[in-house]
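Student: Chains as they are written, first to last, in our numbering: chain A, 3 to 393; chain B, 109 to 604.
Hint data in this document are derived by calculation from the structure and do not stem from the laboratory. Incorrect hints may have been included.
Stated by the list, open to error - Lysine-lysine pairs mimicking DSS-like chemistry, simulated, CA-CA at most 30 Å apart: (1) LYS521/B - LYS495/B; (2) LYS470/B - LYS203/A; (3) LYS471/B - LYS172/A; (4) LYS229/A - LYS471/B; (5) LYS593/B - LYS581/B; (6) LYS172/A - LYS465/B; (7) LYS172/A - LYS127/A; (8) LYS330/A - LYS130/A; (9) LYS550/B - LYS521/B; (10) LYS462/B - LYS177/A; (11) LYS586/B - LYS552/B; (12) LYS99/A - LYS203/A; (13) LYS465/B - LYS177/A; (14) LYS229/A - LYS127/A; (15) LYS171/A - LYS586/B; (16) LYS171/A - LYS99/A; (17) LYS265/B - LYS311/B; (18) LYS229/A - LYS593/B; (19) LYS171/A - LYS265/B; (20) LYS203/A - LYS471/B; (21) LYS565/B - LYS541/B; (22) LYS171/A - LYS267/A; (23) LYS4/A - LYS127/A; (24) LYS229/A - LYS581/B; (25) LYS471/B - LYS206/A; (26) LYS172/A - LYS593/B; (27) LYS465/B - LYS203/A; (28) LYS206/A - LYS470/B; (29) LYS206/A - LYS465/B; (30) LYS550/B - LYS177/A; (31) LYS285/A - LYS177/A; (32) LYS203/A - LYS462/B; (33) LYS470/B - LYS177/A; (34) LYS5/A - LYS203/A; (35) LYS593/B - LYS99/A; (36) LYS552/B - LYS585/B; (37) LYS172/A - LYS330/A; (38) LYS99/A - LYS495/B; (39) LYS206/A - LYS541/B.
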Amino acid sequence: MKKIFFGLFIFAVFLHILFYVSALKTHTLDILFDGGIPGQDFFQIPNAARSFLLGGNLQGFLSDGLRNPYIDCCAANVNVYHPFFTLLIGVPLQYFKPWTSYYIWEGVHVLTTIILIYFIYSRFKENKYLYLGLSLFLLNAFHYYEIRNSQFHFLFNFFSFFLIYESVKKGDSVKGGIFFFLSLLAKPIGLLWIIPLLIYKHFKTIFAGLLLFLAVSVPFYYSDIGKYYFSNFYYVSTTSIPSDNLLNFLWFFPQYHILIENIVKYFMYGTFIFFFYLQLFKKASLFIVFFLWTSFQLLFYNLVFHYHFTILGLLFCLGILLGEFKIKKDELIPMIFLTIPSPFFLYNLGFTSRIGLLFNEATWSLWSDFWLIFLITAVCMRILKEKTINA
Amino acid sequence: MRNLLFIVILIIAVLLRVFALSSVPSGFFCDEASIGYNAYSILHTGKDEYGVSFPIFFQSFGDFRPPLSIYSTIPFIDLFGLNEIAVRLPSVMYGLITIFAIYFICKEIKSDENDSLGLIAAFVASTMPWLIHYNRTGFEFSIYVAFFTVTILLLLKSVHNISFLIPASILASLTFYTYQPAKLIIPLLLLGFVIIYRETFLKNLGNTIAGLAIFIALSVPLILSFTGGQAFARFNAVSVFSPRLTLGQNLQHIINNYSIQLSPSYFISGEDTFITRHFVGGLTPLLIPTLPFLAIGVIYIFLTVRRSHASQLLIYWLFIYPIAGAVTASPPFTSRSIIGAPLFAILVALGITKTIKYLPLKKITFLAIILLITVSTIIFTQFYFTKYPLYSSNFWGWQYGPRDIISYFVQNKAKYDDLIMIGEFNAPEIFFKFYAPENCYKCKIGTPDNLLNPLRKQLFAVTPEYLITHPYKFITKKIIYYPNKRVAFQIDEVVQ
Chain A
3 MKKIFFGLFI FAVFLHILFY VSALKTHTLD ILFDGGIPGQ DFFQIPNAAR SFLLGGNLQG
63 FLSDGLRNPY IDCCAANVNV YHPFFTLLIG VPLQYFKPWT SYYIWEGVHV LTTIILIYFI
123 YSRFKENKYL YLGLSLFLLN AFHYYEIRNS QFHFLFNFFS FFLIYESVKK GDSVKGGIFF
183 FLSLLAKPIG LLWIIPLLIY KHFKTIFAGL LLFLAVSVPF YYSDIGKYYF SNFYYVSTTS
243 IPSDNLLNFL WFFPQYHILI ENIVKYFMYG TFIFFFYLQL FKKASLFIVF FLWTSFQLLF
303 YNLVFHYHFT ILGLLFCLGI LLGEFKIKKD ELIPMIFLTI PSPFFLYNLG FTSRIGLLFN
363 EATWSLWSDF WLIFLITAVC MRILKEKTIN A
Chain B
109 MRNLLFIVIL IIAVLLRVFA LSSVPSGFFC DEASIGYNAY SILHTGKDEY GVSFPIFFQS
169 FGDFRPPLSI YSTIPFIDLF GLNEIAVRLP SVMYGLITIF AIYFICKEIK SDENDSLGLI
229 AAFVASTMPW LIHYNRTGFE FSIYVAFFTV TILLLLKSVH NISFLIPASI LASLTFYTYQ
289 PAKLIIPLLL LGFVIIYRET FLKNLGNTIA GLAIFIALSV PLILSFTGGQ AFARFNAVSV
349 FSPRLTLGQN LQHIINNYSI QLSPSYFISG EDTFITRHFV GGLTPLLIPT LPFLAIGVIY
409 IFLTVRRSHA SQLLIYWLFI YPIAGAVTAS PPFTSRSIIG APLFAILVAL GITKTIKYLP
469 LKKITFLAII LLITVSTIIF TQFYFTKYPL YSSNFWGWQY GPRDIISYFV QNKAKYDDLI
529 MIGEFNAPEI FFKFYAPENC YKCKIGTPDN LLNPLRKQLF AVTPEYLITH PYKFITKKII
589 YYPNKRVAFQ IDEVVQ
């Protein structure tokens, strides 16, 4: 079995490399994925950093109102990242030519992947599912979106992985706090980790992470240049119900608009309560709690993009190696379907219009949300069953 | 590790002080030009701009300037030539000396957090806008605060080793020759110090008398200057005392000025002045996030005043720091009361060490505070280098323009009989001496109104405001812009 998994791992490494080659050069695999503009997400950070250095704001506007001082060739987004994160990453990057910095950032992405593989290998080399876990991480098709956009989400995954590992393994709370802080810095959705950490009494980790986060946020909060981040954060956190991800179903049933919205809303409330029930009364493991809240975000958060699902690759890998996911068909099958590309690519052949795009979005949501709900259900059923037997 | 951290702090301090030194602050004030030119003149002729050989007090713009800032600029002028950087670099050097002194003062203050206090205070000082800004200017403020701080350091050392009292006395008396407020502050410092550490000085009466004798001997030129009126010239020009006001009204004014310098709004909003060379328009003396730690530090020294001489000294320092500013008619106070800057660095550091002591996860708390100050410094740096020049380069700020005007004059002097610059600067003549010391015989201060001569080929540098109110016909040769892209000056020929 180990040999088969090793073979799978070799295949996964090659496919992962192919992701890079295709997304950055040949575009061979583009047909399997939804559309996107390379660099659209990436350039917001060096743009904002350049603007800051020239006396402009951290959204990428100079003081005379001109936008995108770093690159004005393509549809670069207005920066929404944390001001400190923007400067930390953007200032060194903006010293390079735009597309050079794009490739440098891809290099950083590759480097973090190598570090993760090395770390996992060194910690779990005796585990019989090592190569299966690594394969599920590398094969995760959502990486393609992340690579093509040269997104920053991989850093969130990277730091969240170490936070989860430190917390689950009851490691150093200082280290855990620093990883929590770094994950928060990369994406504010890291606040989600407070729930599992709180329930499992990792107070020091929370304190450390939040203290460091406050330290790099407070000066920007009272300074005008950082206001965008906090107002954006406030806007997103107060308008995230119901999820537009699940509401993509509406594309198929436009006549049941209100009904579906209500179903999604009550489904979310029900899930929220159920997850709390599992943690508080059924004592689901800390890793599973991390997984459940990640899934909650992927299902219900208002602005979930394809690349957000890359975190599942790491969670599947770590979960299998820690024995938190079982190698049984009701858990393995959804994991596999959440790893391979969704079948909406078939429609890429026929639809290039806005309708086609919406259809793709809806299919993608249907596909990924279905398998995620399937997996959550399987895991929760198992926990409930185990706890009942133990009781 | 501590040495490495201290080196890193010094590197940060140097970078914040030398980056774009000639262009920020944007412009070059007449006092800086005067210091630079007198240093140049002494270097090459042994005489000041008025022909006095090696003066102890330099005549300058209607008063007498203490000499040390000028003499200490000479090596820099010799090395780098007569330019803005050479005049501002001594201040950078004194800024670094101040940071060194702060670090070692903290080692002398026997705090229970002795290990980290010095490093934190040095870090706070290296990133403090109050010190960064003035350390980047060619004024006397930096040499004054450096001498003052080193004097305190040596005095503190003399408490444990009385042999330091002689160097402390020498430094204290030399501080008189750095900046005018020293004449008031140094006697107060010595008086307070001797009272606080009276046991030490009474125990070593011989050394104390020797130190006092040296102090008095070195102060003789200053004492003599009182009789000649030189020492009072500047004070008379800026003092709060007005013959039109009663003694009570004058005292009220002093108390008001004094209390302003201890009020939170002074540190949060800056000074109440229109002079943008100082702390206005968003520039604040301290990084705002350090203020809570300052408050904790102040509370701490008051709580420990009975059992700690160090706390007594810091409280006394806090008491005397605003006095020089208080007795002047109006702001700016940050320059005259600059001796508060090192004190506040120490108090902020004390506040930080106390905070760390009482919070869990000390390493993380320490890291968080360092990050807080670092991020605040980044924000300050962006403001200082990109936004501050936009509003501080005009007449009420750094009076940008003479360098470019005179440079153009010198390049084109062969074509004209007269090169005339409008007097839109404080003491404008000094800029001809500074920017073209032997090269601008045709340069004059004036306008077409008083110097236009149709028989001579003339070039005028005037402001756009002048052009609006004086409708001469001009051929514009060059336009000089402020950093905010507004026209500062036009260099024109008058068309007859």
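Student: If a hint holds in the structure, say so; if it doesn't, say that too.
Tutor: Going through the hints against the structure:
{"no.": "1", "hint": "LYS521/B - LYS495/B", "in the structure": "violated (35 Å)"}
{"no.": "2", "hint": "LYS470/B - LYS203/A", "in the structure": "holds (19 Å)"}
{"no.": "3", "hint": "LYS471/B - LYS172/A", "in the structure": "holds (19 Å)"}
{"no.": "4", "hint": "LYS229/A - LYS471/B", "in the structure": "holds (29 Å)"}
{"no.": "5", "hint": "LYS593/B - LYS581/B", "in the structure": "holds (24 Å)"}
{"no.": "6", "hint": "LYS172/A - LYS465/B", "in the structure": "holds (26 Å)"}
{"no.": "7", "hint": "LYS172/A - LYS127/A", "in the structure": "holds (20 Å)"}
{"no.": "8", "hint": "LYS330/A - LYS130/A", "in the structure": "holds (15 Å)"}
{"no.": "9", "hint": "LYS550/B - LYS521/B", "in the structure": "holds (7 Å)"}
{"no.": "10", "hint": "LYS462/B - LYS177/A", "in the structure": "holds (24 Å)"}
{"no.": "11", "hint": "LYS586/B - LYS552/B", "in the structure": "holds (18 Å)"}
{"no.": "12", "hint": "LYS99/A - LYS203/A", "in the structure": "violated (47 Å)"}
{"no.": "13", "hint": "LYS465/B - LYS177/A", "in the structure": "holds (20 Å)"}
{"no.": "14", "hint": "LYS229/A - LYS127/A", "in the structure": "violated (46 Å)"}
{"no.": "15", "hint": "LYS171/A - LYS586/B", "in the structure": "violated (71 Å)"}
{"no.": "16", "hint": "LYS171/A - LYS99/A", "in the structure": "violated (42 Å)"}
{"no.": "17", "hint": "LYS265/B - LYS311/B", "in the structure": "holds (15 Å)"}
{"no.": "18", "hint": "LYS229/A - LYS593/B", "in the structure": "holds (27 Å)"}
{"no.": "19", "hint": "LYS171/A - LYS265/B", "in the structure": "violated (52 Å)"}
{"no.": "20", "hint": "LYS203/A - LYS471/B", "in the structure": "holds (20 Å)"}
{"no.": "21", "hint": "LYS565/B - LYS541/B", "in the structure": "holds (22 Å)"}
{"no.": "22", "hint": "LYS171/A - LYS267/A", "in the structure": "violated (35 Å)"}
{"no.": "23", "hint": "LYS4/A - LYS127/A", "in the structure": "holds (12 Å)"}
{"no.": "24", "hint": "LYS229/A - LYS581/B", "in the structure": "violated (50 Å)"}
{"no.": "25", "hint": "LYS471/B - LYS206/A", "in the structure": "holds (12 Å)"}
{"no.": "26", "hint": "LYS172/A - LYS593/B", "in the structure": "violated (59 Å)"}
{"no.": "27", "hint": "LYS465/B - LYS203/A", "in the structure": "holds (23 Å)"}
{"no.": "28", "hint": "LYS206/A - LYS470/B", "in the structure": "holds (11 Å)"}
{"no.": "29", "hint": "LYS206/A - LYS465/B", "in the structure": "holds (16 Å)"}
{"no.": "30", "hint": "LYS550/B - LYS177/A", "in the structure": "violated (70 Å)"}
{"no.": "31", "hint": "LYS285/A - LYS177/A", "in the structure": "holds (25 Å)"}
{"no.": "32", "hint": "LYS203/A - LYS462/B", "in the structure": "holds (27 Å)"}
{"no.": "33", "hint": "LYS470/B - LYS177/A", "in the structure": "holds (13 Å)"}
{"no.": "34", "hint": "LYS5/A - LYS203/A", "in the structure": "violated (41 Å)"}
{"no.": "35", "hint": "LYS593/B - LYS99/A", "in the structure": "holds (28 Å)"}
{"no.": "36", "hint": "LYS552/B - LYS585/B", "in the structure": "holds (18 Å)"}
{"no.": "37", "hint": "LYS172/A - LYS330/A", "in the structure": "holds (27 Å)"}
{"no.": "38", "hint": "LYS99/A - LYS495/B", "in the structure": "holds (26 Å)"}
{"no.": "39", "hint": "LYS206/A - LYS541/B", "in the structure": "violated (64 Å)"}
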